[in-house]
Amino acid sequence: MALAALLVILGRPLVAGEVTAFKAARALTGSGAPIEAAVILVENGKILAIGPGLKIPEGAKVVDLGSATVMPGLVDANLVLWLDGMDNEEAREISPEFRVLDGLNPKARDLQRAVQTGVTTAFIGPGNRNVIGGLGAVLKTYGDSLRQMVVQEEAALKATVGSGPTIGNYPPRGIPPVNFYARRPTTRMGVTWEFRKAFIDAAKYAGERPARPDPAKEILSRALARKLPVRIAASRAVDIESALRLAEEFKLAIVFEEAEEAYRHVGLLAQRKVAVALRPTFQPGRVWAADGSEPRYGTFTALAAAGVPTALLTGGPGEGESLLAMAAFAVRCGATREQALAAITKTPAEILGVADRVGSLEKGKDADFVALSGDPLDVTSRVERVVVNGRTAFDRTTK
Amino acid sequence: MRKTALILGLAIAFAGPAAGRGDESLVIKAGRIITVSGEDIADGVIVIRAGKIEAVGKGIEVPWDAKVLDATKQVVMPGFIEAHTFRGVDRANENIPSVPFVSTFDSVNPLAPYFEEALRQGITAMFVAPGNGNMIGGQGCILKPVGSITESMTLVKNHALKISLDPRPGMSRMAHLAALRRELDDVVDYLKDLDEKKREVPTAAGSPAAPPPEMEIKREVMAKFLQGKLAAFVYCPTSADVLRAIELSKKYKFKMKLVLGRDTWRAADDIAREKLEVILPPDMIFWETDEEKHEEVLRVLPAIFAKAGVRFAFQTDDSSTGAAYMWYQAGAAVRYGLPKAEALRAATRTPAEILGLDPRFGTVEKGKDANLLLLTGDPLDARTWVDRVIVEGAVVYERSKDAKLQKILGAEK
Numbered sequence: 124m125a126l127a128a129l130l131v132i133l134g135r136p137l138v139a140g141e142v143t144a145f146k147a148a149r150a151l152t153g154s155g156a157p158i159e160a161a162v163i164l165v166e167n168g169k170i171l172a173i174g175p176g177l178k179i180p181e182g183a184k185v186v187d188l189g190s191a192t193v194m195p196g197l198v199d200a201n202l203v204l205w206l207d208g209m210d211n212e213e214a215r216e217i218s219p220e221f222r223v224l225d226g227l228n229p230k231a232r233d234l235q236r237a238v239q240t241g242v243t244t245a246f247i248g249p250g251n252r253n254v255i256g257g258l259g260a261v262l263k264t265y266g267d268s269l270r271q272m273v274v275q276e277e278a279a280l281k282a283t284v285g286s287g288p289t290i291g292n293y294p295p296r297g298i299p300p301v302n303f304y305a306r307r308p309t310t311r312m313g314v315t316w317e318f319r320k321a322f323i324d325a326a327k328y329a330g331e332r333p334a335r336p337d338p339a340k341e342i343l344s345r346a347l348a349r350k351l352p353v354r355i356a357a358s359r360a361v362d363i364e365s366a367l368r369l370a371e372e373f374k375l376a377i378v379f380e381e382a383e384e385a386y387r388h389v390g391l392l393a394q395r396k397v398a399v400a401l402r403p404t405f406q407p408g409r410v411w412a413a414d415g416s417e418p419r420y421g422t423f424t425a426l427a428a429a430g431v432p433t434a435l436l437t438g439g440p441g442e443g444e445s446l447l448a449m450a451a452f453a454v455r456c457g458a459t460r461e462q463a464l465a466a467i468t469k470t471p472a473e474i475l476g477v478a479d480r481v482g483s484l485e486k487g488k489d490a491d492f493v494a495l496s497g498d499p500l501d502v503t504s505r506v507e508r509v510v511v512n513g514r515t516a517f518d519r520t521t522k
Numbered sequence: 010m011r012k013t014a015l016i017l018g019l020a021i022a023f024a025g026p027a028a029g030r031g032d033e034s035l036v037i038k039a040g041r042i043i044t045v046s047g048e049d050i051a052d053g054v055i056v057i058r059a060g061k062i063e064a065v066g067k068g069i070e071v072p073w074d075a076k077v078l079d080a081t082k083q084v085v086m087p088g089f090i091e092a093h094t095f096r097g098v099d100r101a102n103e104n105i106p107s108v109p110f111v112s113t114f115d116s117v118n119p120l121a122p123y124f125e126e127a128l129r130q131g132i133t134a135m136f137v138a139p140g141n142g143n144m145i146g147g148q149g150c151i152l153k154p155v156g157s158i159t160e161s162m163t164l165v166k167n168h169a170l171k172i173s174l175d176p177r178p179g180m181s182r183m184a185h186l187a188a189l190r191r192e193l194d195d196v197v198d199y200l201k202d203l204d205e206k207k208r209e210v211p212t213a214a215g216s217p218a219a220p221p222p223e224m225e226i227k228r229e230v231m232a233k234f235l236q237g238k239l240a241a242f243v244y245c246p247t248s249a250d251v252l253r254a255i256e257l258s259k260k261y262k263f264k265m266k267l268v269l270g271r272d273t274w275r276a277a278d279d280i281a282r283e284k285l286e287v288i289l290p291p292d293m294i295f296w297e298t299d300e301e302k303h304e305e306v307l308r309v310l311p312a313i314f315a316k317a318g319v320r321f322a323f324q325t326d327d328s329s330t331g332a333a334y335m336w337y338q339a340g341a342a343v344r345y346g347l348p349k350a351e352a353l354r355a356a357t358r359t360p361a362e363i364l365g366l367d368p369r370f371g372t373v374e375k376g377k378d379a380n381l382l383l384l385t386g387d388p389l390d391a392r393t394w395v396d397r398v399i400v401e402g403a404v405v406y407e408r409s410k411d412a413k414l415q416k417i418l419g420a421e422k
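Protein chains in written order, with this note's numbering: chain B, 124 to 522; chain H, 10 to 422.
The hints are simulated quantities; they were obtained by calculation from the structure and are not laboratory data. Ideal Cβ positions, reconstructed from N, Cα and C, are used throughout, including at glycine. Any given hint could turn out to be false.
What the hints assert, rightly or not - Here are the simulated DSBU-like pairs of lysine-lysine, each with C-alpha atoms no more than 30 Å apart in a straight line:
id, chain 1, residue 1, chain 2, residue 2
1, H, LYS227, H, LYS207
2, H, LYS206, H, LYS260
3, H, LYS76, H, LYS260
4, H, LYS413, H, LYS375
5, H, LYS233, B, LYS146
6, B, LYS396, H, LYS416
7, H, LYS302, H, LYS264
8, H, LYS284, H, LYS262
9, H, LYS207, B, LYS184
10, B, LYS486, B, LYS184
11, H, LYS233, H, LYS201
12, H, LYS302, B, LYS230
As the list claims (entries may be wrong) - Distance ranges between label pairs, derived from CB positions:
id, chain 1, residue 1, chain 2, residue 2, range
13, B, LYS169, H, HIS303, 27 to 35 Å
14, H, GLY47, B, GLU364, 56 to 64 Å
15, B, ALA148, H, ALA317, 27 to 35 Å
16, B, GLU159, H, PRO178, 52 to 60 Å
17, B, ARG349, H, ALA317, 56 to 64 Å
18, H, ALA412, B, SER190, 56 to 64 Å
19, B, ASP225, H, PRO178, 58 to 66 Å
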């Protein structure tokens, strides 16, 4: 009986046509001024209406969030989690047709944890160990099945430019190439070459179009036709430069991931209109960082000020490394409130191409939101409730 | 004439920051003083003389010759104290399991970025201990992040012995504990032997006077430890280790503070019963999987230990973003219900008590060292920066002159 009651509260599937009204002291919509005494009417997982003191239709279920501040569900532009199995193919450096979705457990504990920090939509991609790792997906962090959670099955092609794909590698001399390390590339030159070779072959393939399609080259051809964005993980300035050169050469639509040293190429990134999913650069006293890069506090501020669309990423899977914390750190390091909040909601939604559904609280968009005990940029505020597609995915009071 | 003016100018420049050191007074007019020892004081005054706080309160008469620091738009609080860290040294552990005779004092690198960043973030004293990797790791030293040679940074040269109950890779807990007991028994036997030999000396009357037996140098640290003259900081990764530590400290009668890992919260009541002071791990708020319900449960160590009545200090760590800052640790604890005053205490006064520095550090009170932070706003607000740091009455950090900070905040190449 109690279990049944809990199920009703937590995972209640919304009956078509049924309206739920969420009431909160304040709503930050991400698309206009804050709304006091906000009412959000939700139907079929979508926002029917949002405004101050809206009239609640008769028969609607009312959820009173009390003194909470509601904001759009957070969008993580690169949620790193444990896949069931590895996140890179061992036997090949170029594996564009591999789909991260095939290794994803919809009940993964990292997804459940992400929900608790307010993340409702996330990009999940292959790791940094392959030059071209495969296809990443955009999904909701909560739902009954993977099918229900998926927003974009093939959202972007993941690639890495830098030393990531070379770490520990050696050529397979006289031994069977059975693991990561018995393989090429072993240098930055080698990484760039593997990347180029893959796209040169794909361009040739696209020109010839053989009768039997090659799944890997099909994917690369889509990237060449700018129908599939390429997410390039690059940490150091030299790698950002290399990646920009490659993008120019093959006319690819790219998005940078990590990019700790992006502050060295702010002008170039702004000019090329390339977006960045930025790994946090707020670690004080750190002498080392990813790939030997030199992070700076002000990187986000500089990128945002130059108009480079920049999403903030988390510092890791920990509670203290949440997107909300990163937004607070961005403001600490000079960003405006609007820039910081957009960088964890609207901007990543735009970068992922899902801004028509998520990233702000507006009529017709998905009913994804977070109820906080206070202002989102106050580090003492906590996540009280998370709603995904109109359903409560997390409620602190029942924990 | 110009030269004289220059010298005079320099003299003033140098006399300025040190005004609170000698006989001259340094006065801080603060918008708000967080004393930690009592209530906050709005529009308060702190009078510093000879590096000590001479007076603190409202409406205190300012000595006519005092140099006045205007912090009327700022918040003044005691410097943060790091009760345990193994940063600032080249390697945290020697590669043999028992090395009581080594000290981190000999491996401190004053130029390590940790010290620079610690000062920038308001940490004014830290216990640099050996790492958690050795059974008996050696002694640590208490430093202030001011100065460019270890001697000038040192507050206490050899402070306490570091013991770890975390078995080394490839070793079982049983073997680890057995080795530790053997080590301790060995010292007990040695001290008994030495005592007996000393008593035997006078009985050898008539024969040529034998020199009284002396303690071997390598035994000195362990002897001091078991004689109760040196406390231990015992690292316990799990609740079971906490119970073993309590058992050992009773059997061998040593004093200890606990450096806790994440999985120790189940021993909170045992720790409270023994009235032990503890240092929480840097990642003190984390998820665990409830295997029965298939739910991710957030464990909030500050809330659990506060409820059990355990006195704790926060610890920072540079491996993660938020946990790198003492103010953030306090903020994170407040997020999950710890009262703000208690959170600030766990970053200042409690670590001072754990390190035995409380007569000098940890609060803004008459008679204490003038170790103060002048903040641009409330300490738990992410937008707040440390504007100035005063250590022993001298201004040792000014944000406006922190060129490195300007560089890393800016975007120039």
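Those earlier numbered hints the structure runs against, lowest number first: 3, 4, 5, 7, 9, 18 and 19
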